[in-house]
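Trainee: Letter by letter, the chains look like this.
2 protein chains.
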Amino acid sequence: MAPLGNEKNQLYLGLFIHSVKLGELQYLHDTAVCVDKSGKIVAVEQQYDQKKAEETLYPKLGWKTDDVTVTIAKEGQFFFPGFIDTHIHAPQYPNVGIFGKSTLLDWLNTYTFPMEASLSSLPKARRVYTRCIQRTLAYGTTTAAYYATIHVPSTNLLADLCLSLGQRAFVGRVCMDNLGPDYYLDESASQSLAATRATIDHIRSIDADFDLISPILTPRFAPACSVDAMAQLGALHKETNLPIQTHIAENVDELKLVRDMFPDSKNYADVYDRFGLLGKRTILAHAIHLSDEEVDLVASRGSKVSHCPCSNSALTSGVARVRWLLDKGVGVGLGTDVSGGYSPSVLDAARQAALVSNHLAMPSRTGEKQIDAEAEDDRERVRLSVEEVLHLATRGGAEVVCLGEKIGGFEVGKEWDAQLIGLGLVPDEDDGTESKQDEDQDQEHDTGNVDIFGWERWEDRVAKWVFNGDDRNVKKVWVRGRLVHQRR
Amino acid sequence: MAPLGNEKNQLYLGLFIHSVKLGELQYLHDTAVCVDKSGKIVAVEQQYDQKKAEETLYPKLGWKTDDVTVTIAKEGQFFFPGFIDTHIHAPQYPNVGIFGKSTLLDWLNTYTFPMEASLSSLPKARRVYTRCIQRTLAYGTTTAAYYATIHVPSTNLLADLCLSLGQRAFVGRVCMDNLGPDYYLDESASQSLAATRATIDHIRSIDADFDLISPILTPRFAPACSVDAMAQLGALHKETNLPIQTHIAENVDELKLVRDMFPDSKNYADVYDRFGLLGKRTILAHAIHLSDEEVDLVASRGSKVSHCPCSNSALTSGVARVRWLLDKGVGVGLGTDVSGGYSPSVLDAARQAALVSNHLAMPSRTGEKQIDAEAEDDRERVRLSVEEVLHLATRGGAEVVCLGEKIGGFEVGKEWDAQLIGLGLVPDEDDGTESKQDEDQDQEHDTGNVDIFGWERWEDRVAKWVFNGDDRNVKKVWVRGRLVHQRR
Numbered sequence: 001m002a003p004l005g006n007e008k009n010q011l012y013l014g015l016f017i018h019s020v021k022l023g024e025l026q027y028l029h030d031t032a033v034c035v036d037k038s039g040k041i042v043a044v045e046q047q048y049d050q051k052k053a054e055e056t057l058y059p060k061l062g063w064k065t066d067d068v069t070v071t072i073a074k075e076g077q078f079f080f081p082g083f084i085d086t087h088i089h090a091p092q093y094p095n096v097g098i099f100g101k102s103t104l105l106d107w108l109n110t111y112t113f114p115m116e117a118s119l120s121s122l123p124k125a126r127r128v129y130t131r132c133i134q135r136t137l138a139y140g141t142t143t144a145a146y147y148a149t150i151h152v153p154s155t156n157l158l159a160d161l162c163l164s165l166g167q168r169a170f171v172g173r174v175c176m177d178n179l180g181p182d183y184y185l186d187e188s189a190s191q192s193l194a195a196t197r198a199t200i201d202h203i204r205s206i207d208a209d210f211d212l213i214s215p216i217l218t219p220r221f222a223p224a225c226s227v228d229a230m231a232q233l234g235a236l237h238k239e240t241n242l243p244i245q246t247h248i249a250e251n252v253d254e255l256k257l258v259r260d261m262f263p264d265s266k267n268y269a270d271v272y273d274r275f276g277l278l279g280k281r282t283i284l285a286h287a288i289h290l291s292d293e294e295v296d297l298v299a300s301r302g303s304k305v306s307h308c309p310c311s312n313s314a315l316t317s318g319v320a321r322v323r324w325l326l327d328k329g330v331g332v333g334l335g336t337d338v339s340g341g342y343s344p345s346v347l348d349a350a351r352q353a354a355l356v357s358n359h360l361a362m363p364s365r366t367g368e369k370q371i372d373a374e375a376e377d378d379r380e381r382v383r384l385s386v387e388e389v390l391h392l393a394t395r396g397g398a399e400v401v402c403l404g405e406k407i408g409g410f411e412v413g414k415e416w417d418a419q420l421i422g423l424g425l426v427p428d429e430d431d432g433t434e435s436k437q438d439e440d441q442d443q444e445h446d447t448g449n450v451d452i453f454g455w456e457r458w459e460d461r462v463a464k465w466v467f468n469g470d471d472r473n474v475k476k477v478w479v480r481g482r483l484v485h486q487r488r
Numbered sequence: 001m002a003p004l005g006n007e008k009n010q011l012y013l014g015l016f017i018h019s020v021k022l023g024e025l026q027y028l029h030d031t032a033v034c035v036d037k038s039g040k041i042v043a044v045e046q047q048y049d050q051k052k053a054e055e056t057l058y059p060k061l062g063w064k065t066d067d068v069t070v071t072i073a074k075e076g077q078f079f080f081p082g083f084i085d086t087h088i089h090a091p092q093y094p095n096v097g098i099f100g101k102s103t104l105l106d107w108l109n110t111y112t113f114p115m116e117a118s119l120s121s122l123p124k125a126r127r128v129y130t131r132c133i134q135r136t137l138a139y140g141t142t143t144a145a146y147y148a149t150i151h152v153p154s155t156n157l158l159a160d161l162c163l164s165l166g167q168r169a170f171v172g173r174v175c176m177d178n179l180g181p182d183y184y185l186d187e188s189a190s191q192s193l194a195a196t197r198a199t200i201d202h203i204r205s206i207d208a209d210f211d212l213i214s215p216i217l218t219p220r221f222a223p224a225c226s227v228d229a230m231a232q233l234g235a236l237h238k239e240t241n242l243p244i245q246t247h248i249a250e251n252v253d254e255l256k257l258v259r260d261m262f263p264d265s266k267n268y269a270d271v272y273d274r275f276g277l278l279g280k281r282t283i284l285a286h287a288i289h290l291s292d293e294e295v296d297l298v299a300s301r302g303s304k305v306s307h308c309p310c311s312n313s314a315l316t317s318g319v320a321r322v323r324w325l326l327d328k329g330v331g332v333g334l335g336t337d338v339s340g341g342y343s344p345s346v347l348d349a350a351r352q353a354a355l356v357s358n359h360l361a362m363p364s365r366t367g368e369k370q371i372d373a374e375a376e377d378d379r380e381r382v383r384l385s386v387e388e389v390l391h392l393a394t395r396g397g398a399e400v401v402c403l404g405e406k407i408g409g410f411e412v413g414k415e416w417d418a419q420l421i422g423l424g425l426v427p428d429e430d431d432g433t434e435s436k437q438d439e440d441q442d443q444e445h446d447t448g449n450v451d452i453f454g455w456e457r458w459e460d461r462v463a464k465w466v467f468n469g470d471d472r473n474v475k476k477v478w479v480r481g482r483l484v485h486q487r488r
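Top to bottom, those sequences are chains A and B. So for the first sequence, the working numbering puts the first residue at 1; every next one is plus one. So for the second sequence, the working numbering puts the first residue at 1; every next one is plus one.
Chain copies aren't distinguished; within one or between two, either way the pair holds.
With a straight-line Cα cutoff of 27 Å, these simulated BS3-like cross-link-like pairs (lysine-lysine) come out: (1) Lys124 with Lys74; (2) Lys101 with Lys256; (3) Lys40 with Lys475; (4) Lys328 with Lys101; (5) Lys21 with Lys101; (6) Lys51 with Lys476.
None of these hints come from the bench; they were simulated from the model.
Please work from the sequences and hints to get the whole structure.
Mentor: Right, here's the structure in full:
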């Protein structure tokens, strides 16, 4: 079991960057952030160095110098809130990048169900889940909303591993008692619910208040659930107020399936709504093909959307209209959707979120631009900036998982879920000597692919990070004040 | 100056993967490839190990064992042809990832021209070009078609650096005597041509037969060139048969500009054609918004297209219809288009080429699929597979730069431009001990983000590489038999 607190208080010093609202990054230079033993931020003070913090902040906080560890972001480094992956299938991690030319429904049968079914094996589940958690932590994911499989023991193992490796997580046993393959299907609605309760009980036994690990009700998606299962899950939600995660409107063939299977429902969103599955704590993955009527329903219920651009492009699903969702008042975060998504990195998801938003703004293929100025403005508005996608990756994601009060930014009262980012500095003019070259190679090895020449503004550095950064730029990662990953 | 040959003959052993035709990768297991001192492949034999090669191949080739160096692809590694970047602006390398919400024409003025102008400084040019070449070599780019700047000395320096660092390159002094900013513009057509000739002369002085480094005529794009400049460049091409590179139909505002500036031309392609700039050796970057008439003209002239998906998405330019170009008989390769493109990696370009092709196949946003079966088939056809984008990155690119006889695959007579790729093996079940964890971290550090669990088929491994690979997977890189990059 993970320690519930940290041994010492912590002082963080240097540059802190976070999103204060959609489209606005705040750069806190020369700043001190104090984190107490429970992992909570208790002070954020600008224009502070270590000496000033020791002299003025420690007395106020009742801290003694020898009871504080100090972490400094070096020149060129910065602290950033941990990423929040609002949609990821841990058991599919071994399949990242493998999807061929499939689309959703054949992809499920060809790649996904066989892999998930094989995780009934606990040794295999341990290997896959350990790797998945280590990788996502290495990419700076401090919170993940995980789908597991239908198997209770390996789902419980995923929860155990998240707790011991220190990743904040929502862990959902997948409910699917309909339309799945014979070899991978819940026996009945009641068995599906009993198994769900078994995982809830297990998580309660390892983290009584769901402080770090929370169960999440997980009807796979409407076509995979009987009406009984959905009705019972809705009732369970009403009973427990546990969060819910599912998929919606990802693929046009799926839409047709839902229309055929639920002829009495007005639309896809209505299917979930009539079973009480559309609430403030519901995370809807994809939401590509929602109608105006549906988005209004989703907004009125306060449900949230996980935008998964890597997956949506890979499976040719479509492009979610993020600006439209935001305009309608729907909260949006980012999901890797491993392994419909090919990358376990939320930074990759952020990058692709910016790129696919540009695709929504692209002119028609004819080369003619026959739209009026207003339409042109509208088209420009759909594009997401670097600042906006980083908002979705942090504060937006926090809202989606209903932890907006706890994580997503650097404010007093929030918990210290953070990453230390370092970018590579290109050496000054190469003098061509061999030893210098070795040095460069060392540096390259350590700092990844972001090359900072030194003349860039900070906003340019952040853009370079978003477009060429990878796990090599993630030097350290903390969850609730606990160091959960560091690069050598 | 680079050595013209290698000290020893070379034997390569193990798995070789290359594209034999569009959509078909060949897997040559347990194969021996012999490369002579000139860097040419002189034997490719399947079912060979070192002993058999020594016993049967060496005598045939007249090789002695102590005059041969042996390189073995270890279990899980493979040799792959070097990547060919058919469109990259070396001076823009420091701007990768920095483009904000600009599109082509404002991006040029805001980011690009100021950066290019600053490379009149030779120390700055040396720093930028050295880094650019090192980075692209580290990503496995063995051949690059570079745009430099308008400055002769720094353009010549780029050629020198490519030669000394060992990257096969086309180096183009940029011709632009029209519509550029005052601070960055050729004085006149004749000055533009004289400067072009100066760079050609310089390259002839360092690589007389253009074996490794070739000049390339580089009218920036039609709006940046006077008709005099284009006419003189066309004449110079006729005189020298040197290759040509330029841009075409990237952006809808650019199309309008071209129509306004060249009212006598039938279309954009025709502008180049009437100045003799559309020939077999012409590389046209982007080609997003070509008409049917234009593509027929391009095809009939035998000109080629450099597809730059990272750039096209980043600058909201559009999506080139690669399948359509190929169907029309136009040769297509990939370009990073640094820094319209945010990544100097051709593997990234390949990944995005697959993804953006899916965008062409996406259903309309309404969620309705009201197209008939034939239209559905057509839509499916536009999607590019992993095998196809790797073809574009290697053999396709070789055709685009008119080196199809020399590079792009592993056949006798071709030159050894290759990369050794290694993917990461996930350890067996983690026993949780600390030492084991350290070991994993070592491995992770070395092998990047591609996780191979061991059960994957080779085609799945290649897909994983395309979607999650980076420079960490590129263990060694050779150009014409010379080792030009290796990771520690």
